[in-house]
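Visitor: Listed below, chain by chain, are the residues.
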Amino acid sequence: MVSQTIPYIRKIITRNKRSQNIFSIIGLLSMLVGIITLFALIFDLFSDGWPRLSWQFITSFPSRKAEQAGILSAWVGTMLVMLVTALAAIPIGIASGIYLEEYARKNWISALIEINVTNLAGVPSIIYGLLALGVFVYGLNLGQSVITAGLTLALLILPVVIVTTREALRAIPNSIREAAYATGASKWQMIWDHVLPYSTGTILTGIIVALARAIGETAPLVTIGALTFIAFLPDSPITGQFPFVSFAWLLAPFTVLPIQMFDWVSRPQAEFQVNAAAAGIVLIAITLAMNAVAIYIRYRLRQKIKW
Amino acid sequence: MTIAKKTRFSAKLLRNLRERIIEFILFLAALSSVATTIAIVGILLYESVKFFHQVSLWEFLTDTQWTPLFDDKHFGIWPLVAGTLTTTAVALLVAIPLGTIIAIYLSEFAPPIVREVVKPVLELLAGIPTVVYGYFALLFVTPLLQVVLPDLSGFNMLSAGLVIGMMIIPYVSSLSEDAMRAVPTHLREGSYATGATRLQTALRVVLPSAISGISAAYILGISRAVGETMVVAIAAGGQPNLTFNPLEPAATMTAYIVGVSLGDLPHGSLEYETIFAVGLTLMLMTLVFNIIGYFLSKRYREIY
Chain A
15 MVSQTIPYIR KIITRNKRSQ NIFSIIGLLS MLVGIITLFA LIFDLFSDGW PRLSWQFITS
75 FPSRKAEQAG ILSAWVGTML VMLVTALAAI PIGIASGIYL EEYARKNWIS ALIEINVTNL
135 AGVPSIIYGL LALGVFVYGL NLGQSVITAG LTLALLILPV VIVTTREALR AIPNSIREAA
195 YATGASKWQM IWDHVLPYST GTILTGIIVA LARAIGETAP LVTIGALTFI AFLPDSPITG
255 QFPFVSFAWL LAPFTVLPIQ MFDWVSRPQA EFQVNAAAAG IVLIAITLAM NAVAIYIRYR
315 LRQKIKW
Chain B
74 MTIAKKTRFS AKLLRNLRER IIEFILFLAA LSSVATTIAI VGILLYESVK FFHQVSLWEF
134 LTDTQWTPLF DDKHFGIWPL VAGTLTTTAV ALLVAIPLGT IIAIYLSEFA PPIVREVVKP
194 VLELLAGIPT VVYGYFALLF VTPLLQVVLP DLSGFNMLSA GLVIGMMIIP YVSSLSEDAM
254 RAVPTHLREG SYATGATRLQ TALRVVLPSA ISGISAAYIL GISRAVGETM VVAIAAGGQP
314 NLTFNPLEPA ATMTAYIVGV SLGDLPHGSL EYETIFAVGL TLMLMTLVFN IIGYFLSKRY
374 REIY
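Line by line, the protein sequences give chains A and B. Numbered per the working numbering, the first sequence spans residues 15 to 321. Numbered per the working numbering, the second sequence spans residues 74 to 377.
These aren't lab readings, by the way, just hints derived from the structure by calculation. Positions of the beta carbon are idealized from the N, C-alpha and C atoms, including for glycine. Where hints are given, some of them may not hold.
What the hints assert, rightly or not - Per label pair, the in silico range of CB-to-CB distance:
no., chain 1, residue 1, chain 2, residue 2, range
1, B, 372, A, 105, 37 to 45 angstroms
2, B, 94, A, 310, 33 to 41 angstroms
3, A, 38, B, 316, 37 to 45 angstroms
4, A, 155, B, 162, 39 to 47 angstroms
5, A, 181, B, 260, 23 to 31 angstroms
6, B, 336, A, 61, 30 to 38 angstroms
7, B, 267, A, 187, 36 to 44 angstroms
8, B, 88, A, 72, 49 to 57 angstroms
9, B, 267, A, 303, 44 to 52 angstroms
10, A, 181, B, 220, 44 to 52 angstroms
Sequences and hints are given; from them, build the entire structure.
Guide: Structural data, given as structure tokens:
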């Protein structure tokens, strides 16, 4: 009896082990599929666009002749739009994160806001474009300008900033809050002097990731009617005369890198698609660099912090 | 003495006042997200109502052609819905199996060092701008597929869907992995103690316990696939086409909105209103998916 069951059990064990090994291989292969795709994408982009990438490409305006065209107005536009996005999204996002995590009482208003933030994160980005088209472009008459684009992207990344701020604040142990209160600090002093400085790193990581995403967003900006052919730069934000700052650039028409790339890739001529690849390299370099910085900060923080 | 008392009193008052003001400002900031939602719903409804004054809802829901920009105008939403569903289906056929397997592998099989390296690398896939994915789909994946399927047209939903699938793998795998890692170790230990292998433990204990988190990951993946715009706008063709065959070119709802926005739309025209009607449909579709996901995760939530 016993001599019969032992080989039987052994057979089951070998079979289970085999299926486990097969799964390990499938898992490794699946991971490789993802990683290979990433490398194929980057390799394809570089092999198509690298020869086109030059100083001339970065410092030229778009042109009807593919070999003379460049991305000057696109990257300047991207910078200006991102400036508006950051100035709008960071303070509002952090402020609402603080409110929801530190102040909000458990009532229906805070529950409503919470559900809302989660849902907004799932809204397709192009819907934000429709919102901006209706409200900013035609409702508030801001036109198809840098400020419209910046505010659109700010609304888009606001949920991300709020959620990361909340997570960062939640990670701060209560003992720190209690210690601050024990020395007589008010609630705001406790937050401003203690909780916020400790969570800066995590919040910063979230903001960088959010901005990297905003830089690559194309759909909502196409929807508000961004132009693809801009052969001039907006007025400089800093001027030679008093009061040294100018806000004319806020209402200037603009284009950004992803839109420039989209325009080029949609053209049938192969020369323009080479330009698209070159613009793609610049775009991907910016977003990957930002993501890498964020990953590095997160890695450092995880090693350093011990409560 | 009295003066000192008085200043201390007013200082306290001032401090309280300042605290109240700060709290109010923070509250206003938190309300901004609610305002955004109200504005989105408001603008979509406002323009769609104007649209449905001119086009009947019946026509919108029953006509099989979508040609609002031609002389012979038809306003049937189905070609756009079909395109959206087809690309989403292709994307999910890639992302859900691969993402789930990667998540199981990373959480239950891979050594910690592999997990620490692979997870951020895969997350980079989600960080790449979608317009770059569009380029990749049109000029790399489609020619590659044409080697295998010579009849494949230059614009098709298959390569767009495949690329969207690759793009949303990290959403599925990262969130599922987080959910599986949150399953307490003693459940795994219990399973090992009965003689189960790693694979059996992963599939029969960890996976069911983490199912609510995993379904949330799936729902996020679906939302992303439905709302993805640039890949389909570049690689799928942009012609509204009532077909579920992924080898054919077609337009999705998002691709239509982008295509129309590229031309100079006169504000207030019927064409202008169509993109809001399509946007409203898109919004309702994602809402339905989210609600289904909410109930799924509630239904299957395990309490350890």
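Visitor: For every hint, state whether the structure bears it out.
Guide: Status of the hints after comparison with the structure:
no.	hint	verdict
1	B/372 <-> A/105: 37 to 45 angstroms	holds, 40 angstroms
2	B/94 <-> A/310: 33 to 41 angstroms	holds, 38 angstroms
3	A/38 <-> B/316: 37 to 45 angstroms	holds, 40 angstroms
4	A/155 <-> B/162: 39 to 47 angstroms	holds, 42 angstroms
5	A/181 <-> B/260: 23 to 31 angstroms	holds, 25 angstroms
6	B/336 <-> A/61: 30 to 38 angstroms	holds, 34 angstroms
7	B/267 <-> A/187: 36 to 44 angstroms	holds, 38 angstroms
8	B/88 <-> A/72: 49 to 57 angstroms	holds, 53 angstroms
9	B/267 <-> A/303: 44 to 52 angstroms	holds, 49 angstroms
10	A/181 <-> B/220: 44 to 52 angstroms	holds, 46 angstroms
The structure is consistent with each of the numbered hints, conforming to all of them.
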